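Chains as they are written, first to last, in this note's numbering: chain A, 1 to 124; chain B, 1 to 577.
Hints were generated in silico from the structure; no laboratory data involved.
Careful: at least some of the hints might be erroneous.
[To be verified] Some chain A residues well away from chain B (every beta-carbon gap over 10 Å; in silico):
no., residue
1, 46
2, 101
3, 109
[Claimed, not checked] Straight-line alpha carbon distances no greater than 30 Å define the calculated DSSO-like cross-link-like pairs of lysine-lysine that follow:
no., chain 1, residue 1, chain 2, residue 2
4, B, 233, B, 89
5, B, 264, B, 305
6, B, 509, B, 438
7, A, 111, B, 384
8, A, 3, B, 369
9, B, 445, A, 111
10, B, 342, B, 438
11, B, 384, B, 426
12, B, 138, B, 264
13, B, 473, A, 111
14, B, 334, A, 111
15, B, 260, B, 89
16, B, 264, A, 111
17, B, 195, B, 138
18, A, 111, B, 369
19, B, 89, B, 264
20, B, 195, B, 251
21, B, 342, B, 541
22, A, 3, A, 111
23, B, 509, B, 334
24, A, 111, B, 509
Nothing here was measured: the structure is a model prediction, and the numbers come from that model.
Backbone N, C-alpha and C define an ideal beta-carbon position, used for all residues, glycine too.
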Amino acid sequence: MQKTVLIIEDNRDNYFLMQYLLEREDFRVMGADSGWLGIEMALYNIPDIILLDIQLPGMDGYTVMRRLRATPELAEIPIVAVSSYAMVGHRELAMACGASGYIEKPIDPDKFSEEIQAFLRSQK
Amino acid sequence: MRDLIANDSRSIMSAGDGVKTTQGAFCALFALLIFLTFGSQLHGRTLRVGLTQNPPKTYWDEHGEAAGIFVDILNHIATAEGWEIEYHKDNWDNNLRLLQIGELDLVPDVAYSSERAKLLDFHQSPVLFSWTQLYARKGNAIKSFEDLDGLRLAVLHNSIQANVLSDMITGFGMNSSLVTADTFEDVLALVQDHKADVAATNNYFGRMNALRYNLEETGILFEPASLFFAAPKGRNAEILDTIDQHIIQLKRRPDTVYYKILRKHSSEAQEYRIPLWIIWGGSILLVTLVLSMVGAVLFKHQVRKRTAELMQANLEMEQRIEERTEELALAMHKAQVADMLKSAFLATMSHELRTPLNSVIGFTGILLKEMPGALNPEQLKMLKIVQTSGRHLLSLINDVLDISKIEAGELELHYTELELAPLLEKVISTMGAQAQEKGIELILKAGESPRTIHTDGRRLDQVLFNLLGNAVKFTLTGHVCLSSFEHEGLLHLSIEDTGIGIPADMLDKLFQPFMQVEMGMDRKYEGSGLGLFISQKIIGKMGGEISVTSEVGIGSNFTIILPLRGEELSCKKPSSS
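Take these sequences, add in the hints, and give me the full structure.
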């Protein structure tokens, strides 16, 4: 069955990059460019996995993650933080906020979709 | 005593005259009216006053009598107003509680705060102005807050001084510690006995007692507070008004009872001798009956001079406190702003520079994988250059960010228990392609090594990649070998190559930032020159060290020595800005 990925990312180029790589692997890809929109979209089209940028305009990724985790319908969906934060400790913070995984940018085109598949499988 | 009262009523009368001249007859008349009305209503009333042992402001003397600055002032007012005072001895918390429920009419020595004003009534003009003063052993050079760095500060357990100092230590990121005691006497004793370096007490207690403990004032004072008599909410407004009237009058002129009381209670032990001596001298004068008039005049002059001095000193002190408090607040604010700017800059740099690079590197990767379609050899070669340059730029940005973090003291380590072998294998396999391209052999030699180590894996990776990367970069033929072994509880990781080597005179400069050994005119080896500097800092923070031996034309050997169980030195929370 085709899996749905929701990408919450405010940078269009980075969104296209992930979309391109995932659509090649037959994912259905949806995008939201802010945390608010992301939560709305997630509620209407319960995705199989959410890819979440940490630095978003307005509500940051950590807050988005806590809100997603606090919403019963969305609480079980795996969330992968995809971030270019070079600061040590951000991975730990993301995990503490409820992330299932953390992918550091720049993403590796070779491994990206494989990593996402692995996260999906590990949640089963 | 009779003489005293006569004196006081006179001073009140004359102060009343002052009101007339300064604020107009109407006001004075009004005030007098209120004064008389309440005076008559309250005459003969008994007030229950809660008292706590807190010399010299309020205490019980050796005869079990209530004493202290507040007590003397209240007794003075009570005599003038015809009130009876009944002192109730209890601890601070109980007194405040009894006051709130109206079991007590007054409690002295209450610092005003907006929280307390919700539960209690206060009069307008403060009885005393108090602050926290720091004391240290004689000959100390403590002038400002920064001088406290690294010192042990003695404070009263659970006191406001303890809270403020601990906030300041955190706020300024200082390396000081707090030592607590149960009484102010013990606080001073801790410093005298060298168990602490600085003592914090209220200024009244300190002035009375510091000398006994061979301590002296430092230049540091903070947390100013105005002290009042407090009454139950909405119950004793007229008493507070009357007290206020008296306080205002008493404070207006330097020769009133108020300043006599202050002088009596706030002079240092040493200064007690001076009035004794004057009294002694005065009695001799009396006995000899010579110049009694002159003696009286002299005495009065002395008293006036000293009270004027005291008033001046009080004023200067208040100014000093205000200035210091402002300075401190400003310094604190500046430090916080600078800290915020620094963190914001790092976070922005990290994100804004890396975001566009992510898509450059990502899409180049997609094109190179020929996912959208086949490329001709020329396109492939050019895209390879784009990719290499992109990665190079990214590593430069990361290096600059690391340097900023190191300079800002924000390099944080996150320790976990790691298996050593997979960590080394991963580094070798990642470097493999690069070495193979150059035709260099990459060797991993695992000697007697521990199975696991307690370290920051990502940072150790970074250092190994840097050292191996350098080795491969500067080696044209031959091999690069990474070996590990344990020796005397330390992990040795050595990276040995058959590269171009480093001249002896350059070895000690190697770990400085922006250093790269130049070969001739052109800088043919790319790199920021920051890698070794960063690596050394990281290993240093892990409690280890990097050393190097090298011979030009033969090769180099970099050795990392690390404790097997690195201790987490910093436990700061990551900033989420």
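Status of the hints after comparison with the structure:
1. The Cβ of residue 46 of chain A lies farther than 10 Å from every Cβ of chain B, with a closest approach of about 28 Å, so its non-interface assignment holds.
2. Distance check for residue 101 of chain A against chain B: the nearest CB is about 15 Å away, which clears 10 Å, and the non-interface claim stands.
3. Listed as a non-interface residue, residue 109 of chain A fails to keep its Cβ farther than 10 Å from every Cβ of chain B; the least gap is roughly 4 Å.
4. With a C-alpha separation of about 21 Å, the suggested pair residue 233 of chain B and residue 89 of chain B falls inside the 30 Å cut-off, and the hint holds.
5. Simply put, residue 264 of chain B and residue 305 of chain B have alpha-carbon atoms about 15 Å apart, close enough for the 30 Å limit, and the pair holds.
6. Of the pairs offered as hints, the one joining residue 509 of chain B and residue 438 of chain B holds, with about 28 Å between alpha carbons and a cut-off of 30 Å not exceeded.
7. Pair hint residue 111 of chain A plus residue 384 of chain B holds up; C-alpha atoms about 18 Å apart against a cutoff of 30 Å.
8. For the suggested pair residue 3 of chain A and residue 369 of chain B, the alpha carbons sit about 24 Å apart, so the restraint of at most 30 Å is met.
9. A C-alpha spacing of about 29 Å is found between residue 445 of chain B and residue 111 of chain A, which places the hinted pair at or below 30 Å, so the restraint holds.
10. With a C-alpha separation of about 41 Å, the suggested pairing of residue 342 of chain B with residue 438 of chain B is violated against the 30 Å cut-off.
11. For the suggested pair residue 384 of chain B and residue 426 of chain B, the alpha carbons sit about 24 Å apart, so the restraint of at most 30 Å is met.
12. Under the criterion of a C-alpha separation no larger than 30 Å, the hint pairing residue 138 of chain B with residue 264 of chain B is consistent with the structure, at around 25 Å.
13. Between the alpha carbons of residue 473 of chain B and residue 111 of chain A the distance comes to roughly 26 Å, so the proposed pair stays at or under 30 Å and holds.
14. Restraint check: the Cα-Cα separation between residue 334 of chain B and residue 111 of chain A comes to about 46 Å, which exceeds 30 Å; the hinted pair is violated.
15. A C-alpha spacing of about 25 Å is found between residue 260 of chain B and residue 89 of chain B, which places the hinted pair at or below 30 Å, so the restraint holds.
16. For a cut-off of 30 Å, the pair hint linking residue 264 of chain B to residue 111 of chain A is broken: about 83 Å separates their Cα positions.
17. Simply put, residue 195 of chain B and residue 138 of chain B have alpha-carbon atoms about 15 Å apart, close enough for the 30 Å limit, and the pair holds.
18. With a C-alpha separation of about 12 Å, the suggested pairing of residue 111 of chain A with residue 369 of chain B holds against the 30 Å cut-off.
19. With a C-alpha separation of about 23 Å, the suggested pair residue 89 of chain B and residue 264 of chain B falls inside the 30 Å cut-off, and the hint holds.
20. Distance restraint check for residue 195 of chain B and residue 251 of chain B: the Cα-Cα separation of roughly 41 Å exceeds the 30 Å cut-off, and the hinted pair is therefore not satisfied.
21. This hinted pair checks out: residue 342 of chain B and residue 541 of chain B have alpha carbons roughly 21 Å apart, not beyond 30 Å.
22. Proximity of residue 3 of chain A to residue 111 of chain A is assessed by CA-CA distance (about 18 Å); at most 30 Å being required, the pair is judged to hold.
23. For the hint linking residue 509 of chain B to residue 334 of chain B, the alpha-carbon distance of about 36 Å lies beyond 30 Å, and the restraint is violated.
24. Distance restraint check for residue 111 of chain A and residue 509 of chain B: the Cα-Cα separation of roughly 40 Å exceeds the 30 Å cut-off, and the hinted pair is therefore not satisfied.
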